[in-house]
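Peer 1: Read off the chains here:
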Amino acid sequence: MKPISKSALSVQYDLRPAKQVERRMLVDAFQRLAQAGFEIRDYQYTGFGSIYFVDFIIFHKLLGINKLVSIEHDGSLEERVKYNCPFKCVDIKIDLSTNIIPTLSQDINHILWLDYDEPVKSSILDDMYLAGSQLSSGSIILITVDVEPPDKESDEPKVSKEYFENEASKYLGTMEIQEFTKSKLPRMSMLVLLKALKEGMRGRIGIEYHPIFNFLYADDHRMITIGGVIGSEVEKRKIRKMNLEGAIYLRTNIDDNPYEIKVTPFTRKERHLLDSAMPCPVGWQLQEFKLSEEDVNTYREIYRFLPSYVEILL
Amino acid sequence: MSELIADARPTKGLFLEMFVRDLSLEDCVLDLVDNSIDSLVRSRNIDVSESLIPATVVSKESSQHETNLEPANIDISFDLDHFQVKDNCGGISVKDAKEEVFRFGHLEGAIEGQLGVYGIGLKRAIFKIGNEISIESRMVDEGFKMVIDVPKWSEDLDWTLPFDTIEGTADQKTAGTLIRIESLRVEIIERLKSGTFESRLKEMIERTYCLFLNRYVDVTLNGHKIEPKAIPLGDSEEVNIAKEEFEENGVKVTMYAGLAGRTEDNEWKQVDAGWYIACNGRLVVTADRDKLTGWGVELPIFVPKYRGFIGLVFFYSRRPLLLPWTTTKQGLNIESLVYQRALTRMTTIARPVLNFLNSMFSSSESEREPQRIAAAGIKSVDITELTERPDIQFIARTIKPEEMAISVQFSVKQKEIDRIKKCLGKYSWSARRIARYTFDHFLKTECPE
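Heads up: the sequence lines are chains Z and A, in that order.
The opening residue of the first sequence carries number 537 in the working numbering; numbering runs sequentially from there.
The opening residue of the second sequence carries number 331 in the working numbering; numbering runs sequentially from there.
Just so you know, not all the hints are guaranteed correct.
Unchecked claim - Below, a list of computed lysine to any residue pairs in the SDA-like style, where the Cα atoms sit at most 25 Å apart:
1. K697/Z - V627/A
2. K629/Z - F691/A
3. K751/A - E776/A
Everything labelled a hint here was simulated from the structure, so no lab data went into it.
Please put together the full structure from these sequences, using the hints given.
Peer 2: Structure representation (structure tokens):
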């Protein structure tokens with residue numbers, strides 16, 4: 537219900553390396569899905585472009601998606617958002633996502649990314665429910681939420697449980713207090729979001745949620761992005777056909793641990809050196825200086841997706 | 331092969347007792363009305379699908395014939411000694427009486443009614459109400475009369491109901507059925523004595539059959555004609571009604587969501603708010619604001635600020651068993667797959683309407699005013715016109731807060747106005763005109779666009 541803006545003005549959106557790795561991995565996965573028979577190019581992308589439109593730029597340029605809708609709930613940003621709109625084909629809607637999701641055409645496929653910077657709350661669950669009911673078979677739903685303990689002052693499971701009881705009671709079922717410890721919040725949040733999605737899918741015979749993504753990362757707060765395809769056996773078969781070579785970040789089973797995006801800082805010189813050896817075999821080590829095996833492994837997993845930032849004097 | 335066999339046949343007395351337990355007297359009366367309407371649907375070949383709603387009704391057989399027909403009559407009357415329903419809806423044939431109408435439950439392959447679903451309505455109603463039952467039905471050229479003495483029949487092991495043929499009628503217009511029940515059951519007499527029963531029944535009929543009344547049938551209750559009570563869905567130039575259709579498992583679903591037409595004093599009536607659900611044109615849920623239609627579950631809990639909300643869902647099927655109604659037709663089978671799907675769609679099309687109402691009753695004036703202005707112009711529409719409309723979302727074209735007019739009022743001293751008049755040399759101007767002029771002047775010179 538309340539996309540971005542708040543943090544949009546305080547965080548430089550394009551300079552969050554883990555988030556950028558996530559976006560590049562999404563692009564990589566969409567390319568694989570396209571190969572497996574999903575006509576991604578014809579999909580409509582709907583997201584929260586804010587004033588940066590980073591996801592819009594890469595989805596348009598790298599995937600060729602031409603139907604793009606950016607939702608901005610904050611009417612006071614209207615002019616600024618429109619000013620920053622990168623392409624003519626981005627349609628900007630100044631409205632609540634709750635009002636826009638029910639208007640998504642059921643005759644085409646969608647990628648809907650509800651990229652929130654808040655913890656799970658009732659309006660977010662309402663959006664998931666609406667998406668579950670609205671999105672056509674073959675569409676892709678993505679949702680990002682903050683999974684830090686919702687109360688800044690307290691990590692106590694009791695406090696978190698109270699928060700979730702207020703915001704999501706109908707989806708908590710018989711969850712016990714131990715599900716609300718800090719380390720379990722990512723999984724708990726995912727389960728609650730998926731329950732809301734599936735509630736919205738009630739009565740859609742033969743249509744299921746087929747998971748593909750479950751990312752955990754932290755540029756500052758710990759965040760999760762979960763996502764998958766809403767579809768029938770046909771889509772399920774296509775997903776099975778997907779080329780999984782090197783796609784270590786995919787998560788097609790909700791019981792698997794999330795893929796954790798780790799960004800280890802390296803200097804530019806170090807990256808050039810590492811890149812020249814990539815992809816490296818397991819156990820490989822640099823000659824020039826010593827790196828932990830973990831650092832090398834982490835780098836090997838993400839180097840293709842890792843952005844480089846330079847200063848430009850404007 | 332087992333040696334012994336236990337007798338598990340139901341006793342008729344127990345069967346009749348249990349059978350009539352789960353429905354109210356009002357439900358019984360509506361069941362009898364359903365039966366009459368079903369006769370009418372059959373005898374006039376009425377298409378109880380979406381074409382039921384449009385104002386111009388065309389029968390499948392011949393449209394000319396249809397338009398010439400007067401609405402049929404269903405007359406309900408009661409006092410403490412009798413209960414009677416008399417119609418001229420076409421009557422029951424001797425063959426149907428013999429083979430189908432009095433069976434408990436439909437036979438495989440039997441002609442289903444459009445409002446009768448389970449083949450129990452008529453029987454359940456008459457057995458619930460009283461002990462001496464007489465049914466007379468006349469079609470053109472044939473007729474029958476059946477008399478049932480319930481206490482006697484319930485002791486009898488035989489499950490047949492004897493009846494005699496009587497003379498038919500000469501004119502199709504008088505073909506119909508008369509059901510008269512006497513020796514009413516004690517609890518029924520108590521209900522009938524209640525001062526509110528008649529008005530409750532009237533309210534239920536005017537809503538339940540609002541799509542049939544005055545068009546296909548006239549219903550009178552103790553001699554008074556019942557007028558249909560419209561569902562107050564409304565729209566205006568700025569605010570439209572959301573519409574969505576889908577078909578699943580042989581059931582066609584059409585749903586609408588929007589705001590109610592404003593009353594004369596520019597308000598909404600909370601009693602009318604909520605969801606209305608019809609199966610084959612017959613309302614089974616009226617102004618529901620509870621869990622059944624998702625309030626407090628999928629939707630927020632109903633609170634007074636949502637009193638402008640009206641939702642309307644039509645389920646149609648040639649096979650009434652597929653529809654999501656319960657046996658009493660006063661509720662929904664929430665396990666029905668088509669209803670589960672409908673519920674998520676109802677929630678989806680209702681959301682934007684509720685968001686509109688949230689803003690309209692917001693504590694911030696600038697957020698609230700545009701919605702109030704848009705809402706003020708909403709007028710109730712005739713739901714018979716709705717089917718013509720395309721599938722569309724709920725959209726309220728509100729004016730932006732900055733374009734909204736607000737009135738400015740304040741007091742100043744007379745001599746201050748006089749000073750301005752003197753300064754402008756406009757002694758004849760009214761204070762109002764002076765105020766307007768000075769405001770415009772400041773706006774133009776100090777705040778140019």
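Peer 1: Straight-line Cα separation of K629/Z and F691/A no greater than 25 Å?
Peer 2: 23 Å, holds
Peer 1: Decide if the proposed pair is consistent with the structure: K697/Z and V627/A, CA atoms, cutoff 25 Å inclusive.
Peer 2: 20 Å, holds
Peer 1: Hinted pair, alpha-carbon criterion (25 Å max): K751/A, E776/A. Please report holds or violated.
Peer 2: 21 Å, holds
The structure fails none of the hints (numbered hints given earlier).
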